[in-house]
Structure formats: structure tokens, C-alpha cells
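**Q** One-letter residues, chain by chain:
4 protein chains.
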Amino acid sequence: MAIPQFKQLRRAYGFDEVAIVPGEVTINPDQTNTELKVEDITFTIPIIASAMDAVTDVNFAILLSKLGGLAVLHLEGVQTRYQQPQEILLQIAQASDTEITPLLQKVYSQPIQENLVGERIEAIKKAGAVCAVSATPANTKRLSPIAVEAGADILVVASTVTTARHTSKSYRGLSFSELRKTLPMPIIVGNCVSYGACLELMRTGISAVLVGVGPGAACTTREVIGVGVPQITATIDCAAARDEYQRESGRYVPVITDGGFRKGGDLCKALAAGADAVMLGSILAQAKEAPGLGYHWGMAHPHPALPRGTRIKVGVSGSLEQILFGPASVTDGSQNLMGAVRTAMGVCGAFTIPEMHQAEMVVAPAITTEGKFWQLSRSPG
Amino acid sequence: MAIPQFKQLRRAYGFDEVAIVPGEVTINPDQTNTELKVEDITFTIPIIASAMDAVTDVNFAILLSKLGGLAVLHLEGVQTRYQQPQEILLQIAQASDTEITPLLQKVYSQPIQENLVGERIEAIKKAGAVCAVSATPANTKRLSPIAVEAGADILVVASTVTTARHTSKSYRGLSFSELRKTLPMPIIVGNCVSYGACLELMRTGISAVLVGVGPGAACTTREVIGVGVPQITATIDCAAARDEYQRESGRYVPVITDGGFRKGGDLCKALAAGADAVMLGSILAQAKEAPGLGYHWGMAHPHPALPRGTRIKVGVSGSLEQILFGPASVTDGSQNLMGAVRTAMGVCGAFTIPEMHQAEMVVAPAITTEGKFWQLSRSPG
Amino acid sequence: MAIPQFKQLRRAYGFDEVAIVPGEVTINPDQTNTELKVEDITFTIPIIASAMDAVTDVNFAILLSKLGGLAVLHLEGVQTRYQQPQEILLQIAQASDTEITPLLQKVYSQPIQENLVGERIEAIKKAGAVCAVSATPANTKRLSPIAVEAGADILVVASTVTTARHTSKSYRGLSFSELRKTLPMPIIVGNCVSYGACLELMRTGISAVLVGVGPGAACTTREVIGVGVPQITATIDCAAARDEYQRESGRYVPVITDGGFRKGGDLCKALAAGADAVMLGSILAQAKEAPGLGYHWGMAHPHPALPRGTRIKVGVSGSLEQILFGPASVTDGSQNLMGAVRTAMGVCGAFTIPEMHQAEMVVAPAITTEGKFWQLSRSPG
Amino acid sequence: MAIPQFKQLRRAYGFDEVAIVPGEVTINPDQTNTELKVEDITFTIPIIASAMDAVTDVNFAILLSKLGGLAVLHLEGVQTRYQQPQEILLQIAQASDTEITPLLQKVYSQPIQENLVGERIEAIKKAGAVCAVSATPANTKRLSPIAVEAGADILVVASTVTTARHTSKSYRGLSFSELRKTLPMPIIVGNCVSYGACLELMRTGISAVLVGVGPGAACTTREVIGVGVPQITATIDCAAARDEYQRESGRYVPVITDGGFRKGGDLCKALAAGADAVMLGSILAQAKEAPGLGYHWGMAHPHPALPRGTRIKVGVSGSLEQILFGPASVTDGSQNLMGAVRTAMGVCGAFTIPEMHQAEMVVAPAITTEGKFWQLSRSPG
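Respectively, the protein sequence lines represent chains A, B, C and D. Be aware that the first sequence starts at 1, since it is given in our numbering, and climbs by one per residue. Be aware that the second sequence starts at 382, since it is given in our numbering, and climbs by one per residue. Be aware that the third sequence starts at 763, since it is given in our numbering, and climbs by one per residue. Be aware that the fourth sequence starts at 1144, since it is given in our numbering, and climbs by one per residue.
You may find that some hints are simply not true.
Estimated spans, in silico, between C-beta atoms of each pair [unchecked claim]: (1) G173(A) - K522(B): 55 to 61 Å; (2) I384(B) - L852(C): 50 to 56 Å; (3) K37(A) - Y1225(D): 48 to 54 Å; (4) Q845(C) - K1180(D): 49 to 55 Å; (5) K1431(D) - P354(A): 50 to 56 Å; (6) D624(B) - V1092(C): 55 to 61 Å; (7) Y82(A) - G509(B): 47 to 53 Å; (8) Q1120(C) - R632(B): 30 to 36 Å; (9) I384(B) - E1117(C): 23 to 29 Å; (10) P1147(D) - Q1120(C): 38 to 44 Å; (11) L471(B) - Q1120(C): 43 to 49 Å.
Covered, in the sense of this in silico footprint (three residues per stretch, anywhere, with C-beta under 8 Å from a C-beta of chain D), are these stretches of chain A [to be verified]: (12) 58-71; (13) 112-121; (14) 267-278.
It is worth saying that the hints were derived from the structure and are not from the lab. Bear in mind that the values here come from a model prediction, so they are computed numbers and not experimental data. In this text, a Cβ means the ideal position worked out from N, Cα and C, and glycines have one as well.
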């Protein structure tokens, strides 16, 4: 009898299953540098707000740019479907749990108004902020020229899973190499989770990659279509692709871990796993300046035939500035995210984010019988 | 001292512990082909309804056949023990939790009426549907000739565990090779979970194999007799047996993962693990056309001496068509199962189910401390 | 720098983490033989009742012996400290949760009355039952002559951990080789959990070994002193010692897995892991004939300085006969234990318990996100 | 294509995931020796009270010293910021959950009064107790001369993570080699968790090392900054560093596992993993003599910008003597810690703590589906 050939499964890890090991050298947090560069644009903090309607509108994009980060405006959300999106956002916030999915399906069935695309971008640029906008692959050819003309600085092309090679009957496959040549701005593409797919994307010449499909533990995408890779493993794999691509091309393409974050520690773990930046949704939806009015929902939720995700009441935890820079008045890791990042870099002896990529990590599941028992830090500093 | 020889245990995985990794190429869901062939009979969707009384009756079998799948009528259930099974099904639905086990033991102690066996089959055939019927090994010799005469198309022979070699005092062991030679129809046999047992069954000449013993996590069979293999590992093992058998015989015997499914993602994972089709119980018991009136129970539950299983209130979630093809109005993965399958195949770049078998999978436990926290997809499409 | 030498930890498994894989051959349950032999004494079922006051008294020992198993009377429990233990058992059953530990400490501080030791044994023997009695190593020299004189058939010497070599200031170490030579009856010794300790015990000439220290998941011994090995691994290790000892001596010393069982499936798993029999406490305390009045507590609970364990309300689930042989009227695996054992043996194709030791097992954790969802067996038989 | 270089993650274990295996030889608990030596100072029990305001004040330090252990007074806590700390401790105990973090931030913003540093130390010494005091690296140069002058016996220098090499803009890095030469007393340094960092610290000439960063499962440090190593692995690694350092220098530097303990079993596991002593916070905060009035909080909680930890109501479980030596009137492992340690050493056949380091351990997760079910020890002793 031949030796049976069984399909092999690799173990993958999420945020909750790992921890960072302190280094043999430590530095003071105030000596760390947390810069992110996307081509020629430099951000002082490696934090990007998701292209989600509960997170990013014009005002939020302006504010986060001033604070050193970047927010991405989705060109296929309520901001470009409605002249007055506030009314729609209020309806969403006030809908009951049973009404919400049909309501979202209806809200997002309204057509995108191309004039609004231009207006939103111009409003962001007028305030002197960096303007990033997002489209799905199917709509990129239509929307990107409008974005260019209105003065957008960065284009994000993203769907649940995006690859360099896509076959479709309904639209001609988007070629990122061609897009890169014709567009006068950096292009961020996502989402991907594996070494091979990420390396292929980088080889098309794009500017940065979003990492994350079905991030986290109980993600709806995993429930609905079974697809997903936990974020730590996805980040490790895509970071390996980035390093390989740099070896072969000399070009450094940042990896942005997108989704599944719940607290400051998760950001630190993503950076230690190899991320150059993080893209945050629900954490930033809690800012008092976020458009979601204390609610959050995913952009795949309104899918007409196969909706995925849930609307969540996230509440309002403080100003965006407090969430990013503190001071924290709570101890659950939801405020002063950059203080957390700098502290973690300090205990790992990392002056820069690329040095943070060298930090040792362990697999250390966060669940135990007594997981609800108290645990206290014992010393200040 | 000799080196101690300890018994070795292999790690096995269930649906919740794995996830599918997107491919390096993607295709549009509408370009996928989801066909299943059992000998000369082709089904457009790889979905089979369990031979359980809460799922399949004559009407349900007709409906699912028209929708492209297959339902299996159990020849030892209420449909063949009672002229008017509706009354019995109503009693089961209305019994209290403490009454249910004795009631089921009583209900299923009534004799099988051979005339009803024929009548049920004829009713299905008269409607132009494909008719599959199920018997246990002990009753196969008695019931299969009646099924043949009444015009059934497919015979399913199944018990908790069925092997090619069985020893019994009370009835002469069933020989599948002999049965295959004498019966003029495809024979599906189950259930099995291991490479060796599956390969032996295939070598008897049968047409397809049901995979699953004590599927899932908290299965009653595992509690009561300790036996079971989680479905992903069972499917991987039996798929390896199928591939080996094809190498040695040239014949392709489909593997049907039977049981333990809770949502669309589980179906996708079974296919990625190597299944050619899935057999569903509780998910389909939620269809408004299912005979169980919103309840579901297992066919081992009525066992007179060692009952296993529980009656569950599954509720009614929509029509069978909506469960299979959507559009979904909920986001928990319980509707639009085929939309989920096609979407998963799309992100894996699989045009056919055999191509889906090549998808990469990871071990990615679905439990974490924060498993109840929200997770949102970020982009449409 | 030298390569660091880290302490290595081996992975150990409990009942909930494993499952039995069906065999390639199956047999009918009624063809199985479940005999256990302890030297010249044969039991038709491999089930032994714990030497615990909530489980075994004179009447229970007589009944279980008649049903084919064995119950062990503890010579240091309430039966030998009190002429009328019923009153004490009633007090224990009626005490509140805060009163129970001090009450048990007080109850068990009463002296053992040697005349009662003899009386209890004689009562069991008078009824024609096999009589097994239990003592701790410290009291064995004092109590065993009384047991011999009163006619006991089997002596169990057990403490939390018992080894062949023990150092003590307060009493001269018990030598099992000497004990074995002087006592005219089989000696069962425990508890142990490791290959080496078990092999050493067998080499002293004893008749059987009890396996289990801190069995199960949330065991008090593990909480209080951190010591314990999950039962599947402990059984596998001690079974390997038994096989090695048989190779070197020709003598077969049964291994009895003691403790941590919750349902029939656990018994089956212990036998598949290598046990020749199982010792049950809480499951049998639920019998209506058990002396505990629906409560159960451990014999280390009354320890004057370091009490371990909790008193649990187990309730009364049926007669001992029903628990052992059914028919079951519940589906949770707590009744018809022998039916479960025979069914499991059947699906593994095992005619005898030594054949059951050859069954394949997998690691298959019983916890998942959806662990509370329903799981149903799909076919009778 | 080059083989991808993925970041590797090592598996780490916490208290709940491991258990001690009994030895092949056992000894009576009363024959064990539990001594700890820090340079020339010998303690009869290996238990050190944390430098936390809810645990250690002058009276507690005196009492624990008399009982054979050691308590560490934090020189940067309420005892040195307030002449009458009782009032402050009462405010903390009476604050609501929403008030507590801002209150602690305010309480600890008061300046340290150097005269109080001297007074507290003198009070401890006057009672004839061993006096250990604690400072953070940033304040060590200022506070240590005062401690020396007042007669302190041991200096503890500790922060969340302390390394032999630290870079700071705001204060000149503390050199432990220099400190060791100038100070006439043993120096204990912490916290660290890895082989390399621990070995470097030992090479500076310090007297003992505290092990533990973000100990336990759901630790706030892990949530807030993602950093931490579970205590069993941290202890194993630092014990390996200790053994390596002894090989290269001939000097034995004790390893003290600090934090994450919840019950006696955890202490036993730390010792078996290689610890020479344990530092306890919340367990001792439950003593009726502890200053926290039934509450406990971490010393990183008051951090002005990035507070970590929670205030917990621990309650009052008994006197310190009862917690340490029993007799226990509860069975949850929170009392008679030394009885538990000695019993565990007994079943491992360890006469001394260095012998206990040789005990075998297994990975044996404490969680299972049935984790809440009862488990009972079956025999006394």
C-alpha cells in the first residue's frame, strides 16, 4: 500500500495567541521614531483609518492627517452616494438589529454620484490634508480619473481578496502594472494574506499592501465563506514577501496590517510581526469625531446577495487625539495607542519600526480557565 | 531499560479550527462550476439532504431535486412507519424536553410498513425527481428490493460506523461487492472517517462514501461512546483514500462529508479539505419546507438501549431556495450557501470542486479571549 | 555562548481532548467480552467503584459484586469511624457550602474503630460478594491483618501518590514486596501516573495498579499542589509500563484508570488508551443505592491542614443497574455505561479489552466557539 | 524563488497550562527544606511580598520577616508620599470603578518625601525584621543612599522591564555593576523574562533576579503594550540562565518568579520550573494584615499617560499566618501555601528547592468543555 498523501495544514496565529518578548536592551519611549513612508509621503505615526463609513468622512480625514496619520475615504460609501450622508448615518444608528441588514442593503443600492466624489476630495485638500481615497477593483477604472482630477494624493484599491491575476466575465481584469504607470500617485492595494499573493502584487509596482482577510477570531468572512488567515501569521508572511521583494528589486514596499485590532497591544504585536503600519476601523470608530455616531459596520455588510458582518455599538470613548496620544483615563488599552507603541518599542530596544520587526515573539494563548481573574502590573515605568 | 513504547495520537481538526487561505489567482464567483457526479447522475449543486426525519420527506426530496441537489429519504423513519407521519412529527415538536427521549423511543418502535416504502418512492419519482433512499446495513437486504421495484435511483446504506467487514451473530454480514453486483443503481455507503476503512469500502465497488462519525465538537456520539473524528481531518483522510483508489483503479468515487455543518463557511472548508459534496441536516431542517416543524433530532436518538443525540429547536429561517441561493437577509452564514461556496471558490481561483481541493488551509482556532468582540469586513466584493 | 539548556515539557492529554477512531473491521456489540482478571478473581465488567464514602458502603459493595463489578470499601471513612454512618452522611448532605469543609474535617477526625472494620467486611462476605477494602500506606500495617481475619478478598493500598520507595520520619516505609509475601490476597496499589513509577510498583509483585493523580481538567489537587497528569496520557504511560513488565516477567498486571470520568465515552477512551478497567466515583455516586444521598466528596477533602476537593450535589440519576446496563432514558452518556463500552468496542472491531487497547485515537479537542451548538447523529445502529 | 524566511515563534506556557508529574520516589512533607538564600541572608520560606501598596507596609514587612519570608516596601508608593497613608488607602478602597484610575493618577502624583523613606525603614529595622526596599531605575540613585543610611538590608531595583543596558535622554543609565560596588547590601533586580537579558543582569554582579513581565493570561501589560511571557516559560528560561551563569562564575544567583500566582499549585509549579522563590501580590493582599483593606492594584496603574491594571476587590481571606501555614478551612488552594509547597515537594521526592527543579512537568491545559464539572481527590494523604 502506498503511503497516504494527506493534505497538510500550517498553524496560523492571531493577536490573542502571541506576545512580544522584551529585548536585552531597552530605550526610553521618547527616543523612538514611528515614521511610515509611502513612496515620497511621510507620516509621523503608522496609523491609517479604514475606508469605512463609520470611520472616515471629510472632517475625520483632515483631523487625522493633522495628527500625523492618514484616513482613507471610501469612494463607494455613503459620502459619495448622498449629498447629506448625516441623515443616512443617523438612520443606520437608529435602526433595530433586525432592520439593519435590509436597511444597509437599501442604503448602498443608491448610485455613486461622480460629482460628490470630486467634492469630497476637494474639501479634504482645501484643508491642507493628505487625501487618500479607496475604490474596489471593479470601479477603479471609472473612479480613479475623477480622484486624480480632484487632487487626491493616494489611491487605495481594495476588496476582500485582491490578487494580481483576476478572471472575470463582467469586467476586464484590472492590471495594477498598467494602473501604476498611468496614475500620478501612490497606489495601495489589498487585501492579501499570503507570501505568494503579496509578492506578486508588489511585483506589479504598487506602493503598499493591505494585509488581512477575515482577520481575528470570530470574523464573519470566516463564518460565511470559511476564508481567512489570522493577522499575526498573515503579517509575518507578507513581511517575508516584502523583504524578499526588497532583495530582488531594492524597493521597500510597506506592509499595512488591516483589521482585527482591539487594543494598543494588538498594534504593537502587528509591528513586531513585521507590519510597517496598521489600518484601524472599530477602534477609531469610537472617536467622538468619527461619523458613525457610536456605531460601526463593515463595507461588505450591504452586499445584496451575501451580506457579511454585523453593526456594532462601539460607543464613544474620547477624542481622536486622546485615543492616539492619551493621556489615557482607562486601563484597557483603548487609549493612547501611540504611547503603547512607543512603550513597546522601548522595552524591545527598537528605535524605529524596522528595528521593531526584529523583536522576539512567543505563542502565548490569552485564554485560560482563570482568564477572568485579575492580573496586575507590579511596578511603575 | 528498554525505551518505553507509548501509544501515539495524531492531531485531528474540526471546522472551527481551520480556515481557507485565498489563492494567488482569483476568479469571479459566477464562473465557478459546482457539479457533483454520482456515477451517471449529475447534480448541479453538491448539496445532499440527510436521511433524517426532520429534514427529508417526499415533498422536500422533490423540491431539492428540482433545485439541483439531492435529498435522501430514510426507509426506517416515520415516513415508512406511519401512514400519516405529520401527526407524529407534530407530537415530537410539541413534546417537552423530558418527554422527548422516551417518546422517540416509542415512535420508532413501530414496525416499518413495506407498502409505505414503495408508496413514498413512487411519489417522488412521479414528480420527476431523482429519488435516493436510505437503509441501515441490517435492513438493506429486506428493503432494497422494494426500493428497486418502486423505482428508486440511488441507495444509501449507512449506520454510525460502517465497514467493508462486519461480524454479527444476528444477521449475515452485508457484502457490498455482492450488493453492488445485484442492484441496478448507484450505492452510497457510510459512515467512515479513516483512510483505511474508506479505501476498503471503495474497493467493494460502491459509488460514493459518506464521511463523518461523531462530527463536530460536542457531538453526542463522542460523549456516549467516545468515538469520532473531527470532520476536516476525516475528510482529508478519506479524500486521500479516494485519490489513492483512483490511482489504483482509474475510478473516481466521490467523498461526501456528512454532518457537523453550521454555516456556509463550513461547507467551503469541507470542499477545500477534499469533499466532493456535503450532506446537511440541521441547516436544511431550518427550511420552511422541512418536515421537522422547526425541530431537529438524530436517527440514533430513538435507540432503545443507548439513545444518542438531542432534539433541538432550530427554528425556521427561510425557504429552501433562500437557504441555498439567497439573497441572504442575515449575515451569519446560514443563508445563500451556494453563494458562499462560489465566493470561496472565487477567492481560491477554483473553477471546479476538484480545483477547490487544492486550496491551501491553515489551522486557525476560532476561539480567543475576545472571541465575542466584533469583527467586520472592510470592503465590498 | 553555550546553547541554553531549557527544561522540556511533554504534552499530556485528558479525556476531553481525544477521541477514538473506528476500526477497519466492526463487530456486533453483543459479541464483545469485557472481562477483567485480578489474579484469580474474574469480573465480568471492568468497573470498580471508588473507595469513597459517597459511593461505597456494605450494601453497594454487595450489589455491584452481583452485577459483575467490584466496589472498594474505604477502611478509613465513615463506615469504620461510626457505628451509624447514616446520620453522619445525612449531616454532610444537609450542610451548607460554607459549613462543609470544617464539618468534614471534624467528621473524619473521629478515630477508626477496629471492630467496625471487621464487621463491615463480614457483612459483605456474608452476602456472598467479593470484598475489597482500602487503606492508606500509613495505616496498612495496622488495618490489613484485621481485613485478612475478617475475610476480605482484595486489599487496595492507595493515597494521592504512592511509590515503591517512600521516605518518612513518622512511620517506617511500607514495603510492597514484603506486604505481598505476607498477605494471602491480591493487592491493588495506587495512585501513580508515570511509566517509571508504575513499573517500579509492578516489580514489587503487586496485583494491579490504580492510575490517576489530579485527574481531569480543573482538579483540586492541581489547584492546590500543582500536581497531576491528565488521564489519557497517564493511562498510556502506565499501560506501556504494564506491557514492558509483562515482557520482562511474563506476568500481566492490570492497569485501572481511577477518576475523572464523567460519561460513558470517557470509559471507552480509557480502555482504548490501555486501561484494563476503570474506577468510578461521581458517576456511581448518582446511583440511588449509593450512600451519599445525591452528594459526593473526596477523601482528601477532610485533610486537617490542606483540604482538597469540593462537595458536589450529583443528584440521583437512576438505579445502579440502569447506570451500568441501561436501558438509558437520557442521551448524555451517563446511563448504560456497559452498552457504551460494548458499542465502542464493536465499532473498533475489538472482541476483548486487550484488543480494544489497539484502537487508534486522535487528539480532537472538545471545545470550539460553537461547542454549544447542536450535533446530531444521523443514523441508527 | 528563494525559500521564504518567516519569523519563528516559540511556544510559551503559563501556570494554567502545565502540571507537575509525581516522582518515582516520595518523601514526607515534613522532611522538606524550603530555604532561600540571598547572598548571606537566609529565609526559611521562599515567599516574598510584592513591593505594592496594597500588600506591604511597615507592619506587614515586620510580620512576614518574623514568619520566615520577606516583604519589600516600595519607596515610591503611598508610604513615602504621605505621612498618613491610611487615609489614602481608605479613599482608594472606597472609590467607585469609574473614579479609581483618575484617583490613583492623582494620589501618586504627590512628591516622595525623603524623610518618610528613612522613617519607614527605621521602623522596620527597629522591630528586628529584615528590611527590603524597592525603587525604579530612574529613582535608584536618589533613593538608595537614603535607604543605606536608614539601615535597609536589601535593595530591589525594578520596573516593568529592566535590562543591563538602557538608553535614556532624561537620566543617565543606571549601571548595576557600579551600583553593586558602591552599595553595601544585596541588590535584587527585575523584571526580566528571557535567557539573554537575565544572563546579562547576573553578569553585572547583582544578587537575585525578579522574573515576570505581563505574567498570566489576561494581563493588562499584554493588552496595553502586547508585551509579556507566560511565567512558566519565563521561569524556565531564567533558570537556564542562572545555571549557565553558575557554570561560568561559580556563583548561584536566585531566580524569583514575580506575579501571576493565584493559588498554592502555581507556587509549586514555579518552583518545579526552576524558581528559587516566588514574589506574591494579590494572594497576600488578601491577608487581614495587608494594608489594602481587601483591595489590590498595580503600581503601573497610576501611570499619568498610559495607566495599566485594574483595582480588584480581593477580599480578606484570613491572617497572613493562615495563608502561609494553614490550617486551611477552604479547598481552593488559597491557604496553607507552604503546606502545599511541602506536599508537592514530597510527592516529587524533593528534599530541597534545587531538587524540586528536577521534577518532571507536562503541558496539560486546564480548560476543557467540562472544566466546570467536579473533580474530586479520592484518597487522604
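**Q** If a hint holds in the structure, say so; if it doesn't, say that too.
**A** Each hint tested on the structure:
1. G173(A) - K522(B): 55 to 61 Å: Once the Cβ atoms are compared, 57 Å apart, the range 55 to 61 Å for K522(B) and G173(A) holds.
2. I384(B) - L852(C): 50 to 56 Å: holds, 54 Å
3. K37(A) - Y1225(D): 48 to 54 Å: Between K37(A) and Y1225(D), where Cβ atoms are some 49 Å apart, the hint holds.
4. Q845(C) - K1180(D): 49 to 55 Å: holds, 54 Å
5. K1431(D) - P354(A): 50 to 56 Å: holds, 53 Å
6. D624(B) - V1092(C): 55 to 61 Å: Check failed, 42 Å falls outside 55 to 61 Å.
7. Y82(A) - G509(B): 47 to 53 Å: holds, 50 Å
8. Q1120(C) - R632(B): 30 to 36 Å: holds, 31 Å
9. I384(B) - E1117(C): 23 to 29 Å: Since I384(B) and E1117(C) have Cβ atoms about 24 Å apart, the given range 23 to 29 Å holds.
10. P1147(D) - Q1120(C): 38 to 44 Å: holds, 41 Å
11. L471(B) - Q1120(C): 43 to 49 Å: holds, 48 Å
12. 58-71: violated (count 0)
13. 112-121: Three-residue rule not met by the segment 112-121 of chain A, so violated; n is 0.
14. 267-278: Held - the segment 267-278 of chain A has 6 residues with a Cβ nearer than 8 Å to chain D, which meets the minimum of three.
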